[in-house]
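Take 0 as the starting number for the sequence shown in numbering that gives the first Met the number 0 and just add one per residue.
Among the hints, erroneous ones may be present.
Claimed, not checked - The following label-pair restraints were derived from C-beta to C-beta distances:
{"#": "1", "residue 1": "A121", "residue 2": "H20", "range": "33 to 41 angstroms"}
{"#": "2", "residue 1": "L31", "residue 2": "D99", "range": "23 to 31 angstroms"}
{"#": "3", "residue 1": "A16", "residue 2": "D99", "range": "34 to 42 angstroms"}
{"#": "4", "residue 1": "A43", "residue 2": "A98", "range": "21 to 29 angstroms"}
Source of the hints: derived by calculation from the structure; they are not laboratory data. Think of the CB as a built atom: it goes at the ideal place given N, C-alpha and C, for glycine as much as any other residue.
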Amino acid sequence: MTTAVIPCGGRGTRLAARYPHTPKELLPVAGLPLLQWTLEEVAAAGLERVIVVTSPTKPQIAKFLTDQPPNRLTTYVVTQPEPRGLGDAVTWARDLVGADDVAVLLPDNLFAKGPAIAPVLAARRATGLAAV
Numbered sequence: 000m001t002t003a004v005i006p007c008g009g010r011g012t013r014l015a016a017r018y019p020h021t022p023k024e025l026l027p028v029a030g031l032p033l034l035q036w037t038l039e040e041v042a043a044a045g046l047e048r049v050i051v052v053t054s055p056t057k058p059q060i061a062k063f064l065t066d067q068p069p070n071r072l073t074t075y076v077v078t079q080p081e082p083r084g085l086g087d088a089v090t091w092a093r094d095l096v097g098a099d100d101v102a103v104l105l106p107d108n109l110f111a112k113g114p115a116i117a118p119v120l121a122a123r124r125a126t127g128l129a130a131v
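All chains, full assembly: derive it from the sequences and hints.
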């Protein structure tokens, strides 16, 4: 497994009233945008590629990735034409994923005790089984 998918195409309705011009994935937490924390977790887990699925209403995400490309990661941006849920967002990445297994990370889920994906990937690599 070398690829991560980060869905960023949702409407973000709960935070939209407070931050109408900033996608929630770019809101800062502890000095960094949520998306940056997720990209760093992907790189720390040893993955090589990341596919960020965004929406036409969030051009700031593609700009962020262009202006500050993540270290050690090949990055792709895919546009989900309209938000239809997490499964649909991941489906939009399938052409770039190919036959590779994929890790899906949600940028609005942060964990206080270190990277959450590393132990999941270790279990996957050790057993060859799907891991959630």
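### Query
Honestly, which of those hints from before does the structure not fit?
Violated: none.
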